[in-house]
Amino acid sequence: MDINTKQYKRCTVVNMSGRIDANTSPELDNAFKEVLENGKNNIVFDMSGVDFVASRGIWVILEAQKACKQANGELVITNVSDNILKSLDLAGVKHFVKIFPDIVSAVGSF
Amino acid sequence: MDINTKQYKRCTVVNMSGRIDANTSPELDNAFKEVLENGKNNIVFDMSGVDFVASRGIWVILEAQKACKQANGELVITNVSDNILKSLDLAGVKHFVKIFPDIVSAVGSF
Amino acid sequence: MPTASFPGYFTSLPKISEFIKEIATNAGMDDAKVYQIRLAVDEAFTNIIEHAYGGEGKGDIDLSIEPIKEGIKIIIRDQGESFDPDTIPQPECDVSIDELKTRGAGLYLIHQLMDKVNFESDASKGNVLTMFKRW
Amino acid sequence: MPTASFPGYFTSLPKISEFIKEIATNAGMDDAKVYQIRLAVDEAFTNIIEHAYGGEGKGDIDLSIEPIKEGIKIIIRDQGESFDPDTIPQPECDVSIDELKTRGAGLYLIHQLMDKVNFESDASKGNVLTMFKRW
Ligand SMILES: Nc1ncnc2c1ncn2[C@@H]1O[C@H](COP(=O)(O)OP(=O)(O)O)[C@@H](O)[C@H]1O
Ligand SMILES: Nc1ncnc2c1ncn2[C@@H]1O[C@H](COP(=O)(O)OP(=O)(O)O)[C@@H](O)[C@H]1O
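Protein chains in written order, with our numbering: chain A, 12 to 121; chain B, 12 to 121; chain C, 304 to 438; chain D, 304 to 438.
Hints in this document: simulated from the structure, not taken from any laboratory. Cβ atoms here follow ideal geometry from the backbone N, Cα and C, with glycine treated the same way. Mixed in with the good hints, there may be bad ones.
[Said to hold, decoys possible] No farther apart than 30 Å at their CA atoms in a straight line, the calculated lysine-lysine pairs in the DSBU-like style are these:
{"#": "1", "chain 1": "B", "residue 1": "LYS109", "chain 2": "B", "residue 2": "LYS20"}
{"#": "2", "chain 1": "A", "residue 1": "LYS109", "chain 2": "C", "residue 2": "LYS428"}
{"#": "3", "chain 1": "D", "residue 1": "LYS404", "chain 2": "B", "residue 2": "LYS80"}
{"#": "4", "chain 1": "B", "residue 1": "LYS97", "chain 2": "A", "residue 2": "LYS51"}
{"#": "5", "chain 1": "B", "residue 1": "LYS44", "chain 2": "D", "residue 2": "LYS318"}
{"#": "6", "chain 1": "A", "residue 1": "LYS97", "chain 2": "C", "residue 2": "LYS336"}
{"#": "7", "chain 1": "C", "residue 1": "LYS428", "chain 2": "C", "residue 2": "LYS318"}
{"#": "8", "chain 1": "C", "residue 1": "LYS419", "chain 2": "C", "residue 2": "LYS318"}
{"#": "9", "chain 1": "B", "residue 1": "LYS109", "chain 2": "D", "residue 2": "LYS404"}
{"#": "10", "chain 1": "C", "residue 1": "LYS324", "chain 2": "A", "residue 2": "LYS77"}
{"#": "11", "chain 1": "B", "residue 1": "LYS105", "chain 2": "D", "residue 2": "LYS361"}
{"#": "12", "chain 1": "D", "residue 1": "LYS324", "chain 2": "B", "residue 2": "LYS105"}
{"#": "13", "chain 1": "C", "residue 1": "LYS428", "chain 2": "A", "residue 2": "LYS97"}
{"#": "14", "chain 1": "B", "residue 1": "LYS97", "chain 2": "A", "residue 2": "LYS109"}
{"#": "15", "chain 1": "C", "residue 1": "LYS404", "chain 2": "A", "residue 2": "LYS77"}
{"#": "16", "chain 1": "A", "residue 1": "LYS80", "chain 2": "C", "residue 2": "LYS404"}
{"#": "17", "chain 1": "A", "residue 1": "LYS97", "chain 2": "C", "residue 2": "LYS436"}
{"#": "18", "chain 1": "A", "residue 1": "LYS17", "chain 2": "A", "residue 2": "LYS97"}
{"#": "19", "chain 1": "A", "residue 1": "LYS17", "chain 2": "B", "residue 2": "LYS20"}
{"#": "20", "chain 1": "A", "residue 1": "LYS105", "chain 2": "B", "residue 2": "LYS20"}
{"#": "21", "chain 1": "D", "residue 1": "LYS361", "chain 2": "D", "residue 2": "LYS376"}
{"#": "22", "chain 1": "B", "residue 1": "LYS44", "chain 2": "B", "residue 2": "LYS105"}
{"#": "23", "chain 1": "B", "residue 1": "LYS51", "chain 2": "A", "residue 2": "LYS17"}
{"#": "24", "chain 1": "C", "residue 1": "LYS404", "chain 2": "A", "residue 2": "LYS51"}
{"#": "25", "chain 1": "B", "residue 1": "LYS17", "chain 2": "A", "residue 2": "LYS97"}
{"#": "26", "chain 1": "C", "residue 1": "LYS404", "chain 2": "C", "residue 2": "LYS372"}
{"#": "27", "chain 1": "B", "residue 1": "LYS20", "chain 2": "B", "residue 2": "LYS80"}
{"#": "28", "chain 1": "B", "residue 1": "LYS105", "chain 2": "A", "residue 2": "LYS20"}
{"#": "29", "chain 1": "A", "residue 1": "LYS105", "chain 2": "C", "residue 2": "LYS436"}
{"#": "30", "chain 1": "B", "residue 1": "LYS97", "chain 2": "D", "residue 2": "LYS318"}
{"#": "31", "chain 1": "A", "residue 1": "LYS105", "chain 2": "C", "residue 2": "LYS372"}
{"#": "32", "chain 1": "B", "residue 1": "LYS20", "chain 2": "A", "residue 2": "LYS20"}
[Claimed, not checked] Here chain A is said to cover these stretches of chain C; the calculated rule only asks that three of the stretch's residues, wherever they fall, bring their Cβ under 8 Å from a Cβ of chain A:
{"#": "33", "region": "313-322"}
{"#": "34", "region": "325-332"}
{"#": "35", "region": "420-432"}
[What the hints assert, rightly or not] To give a feel for the contact side, a few chain B residues facing chain D, derived at Cβ under 10 Å:
{"#": "36", "residue": "ARG30"}
{"#": "37", "residue": "ALA65"}
{"#": "38", "residue": "SER66"}
{"#": "39", "residue": "TRP70"}
{"#": "40", "residue": "ASN94"}
Between the sequences and the hints, there should be enough to build the whole structure, so can you do that?
Here you go:
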């Protein structure tokens, strides 16, 4: 698992590789919190390298969205694999988070 | 040759494939002019599909930059192949146009 | 019937996932369904560690996976606290992000992902979660 | 010595480029230098069509490309107006974008890209541009 953060003019891209489960989701949680602590509240979560997301991961994403919105920002996600997308749909994530097909449209939405 | 335009929140991405020479540069010129006529003045020219640029192409890019700047916008370019980059350098293009290594950082610069 | 025992740590989760993936894929389950089984099992293991054992390192979890005629059967056993899944309310998603209680989709996902789910507690055998996924 | 004649249209440019590419690459020129030769030739052809012939469809252009010991020699001939390249000022790039006269880098690029450039006009032979690129 590997988390990287890149700052653009109007948003921060966070990308992670590997699994987001009970074991690894706290690190993702920290990465999102760090972005917010730096005063940035627009986040693109690039999931191109993520191959598994358990409900713990979903909660981390939704918690981050909550914090972004409270700071008048927004979290969006992109590059979600088909399998993961289906499980995010089951959990109703799309009601709370915009999902973009590619990172350019995600970054370009801010 | 194929030119596509995609509108994002703060910029328009124009991409072209093939050669930009005396034969094809008028079409690129038109594409840039159309963007500006639509009231958009921030352009990302994505050159990932471009494999040859003659001086006519360089002038079209610089003319478009002129027009963008006059409208308080900016044109930037991205995904420039090594061969093309060397010739743009010879022509001094970097004094007038920002060159980004990838389209995400180009779009993210607006 | 392939069976394995895993220590009750979250670091077991990727190993469990690989174990399921290999057996279910070799049995002929398609990729999307293999993913769904892996996710259901991951949620079940996480819940056992957290809720039945009350934390990591409190006990082992046994997993068996059995390809049968109609699909794949999974049995997960632990020796932790028992519980009655019928007492657990469904998560809500008809709320705004601010109202959302950001916990509690594990059980819901397990039921959505698998075709049959059964939970039994027994003083001698411990807790037994049986799940089934059709081909 | 591979030689070809191309009609003086801008649509000849990609064909000329392919012609150069194949011969120069087969002769062992590296990719970056092949590109530089192609670009110099493209600029020369464009100038001939536009300035020597005064437009498309006014005459043919002959190209020969010859791998020699030290590099590759290119000869381009046309029957259009002659001109004296020494009278042409260098393009400026020390200016702001608004002041920039957005024309006129073709000759400059040809000189930058090639190791030797020679232009001769002759009443009988027409205009002959000889260029040379070291291996
Ligand atoms: N294996 C288990 N043993 C004991 N309690 C459980 C078990 N699985 C779930 N529970 C109870 O059901 C609740 C809902 O579980 P779940 O939907 O997975 O969400 P979460 O674990 O995030 O709270 C848990 O909070 C817990 O009280
Ligand atoms: N082959 C040629 N025959 C006649 N005139 C030429 C030729 N090549 C260049 N010129 C003259 O030199 C000038 C500069 O050429 P160049 O640097 O290629 O820029 P551009 O063609 O864009 O003006 C041209 O405007 C033209 O007057």
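Check your understanding: Which of the listed hints are not met by the structure?
Key -> 2, 4, 10, 11, 13, 14, 26, 31, 34, 35
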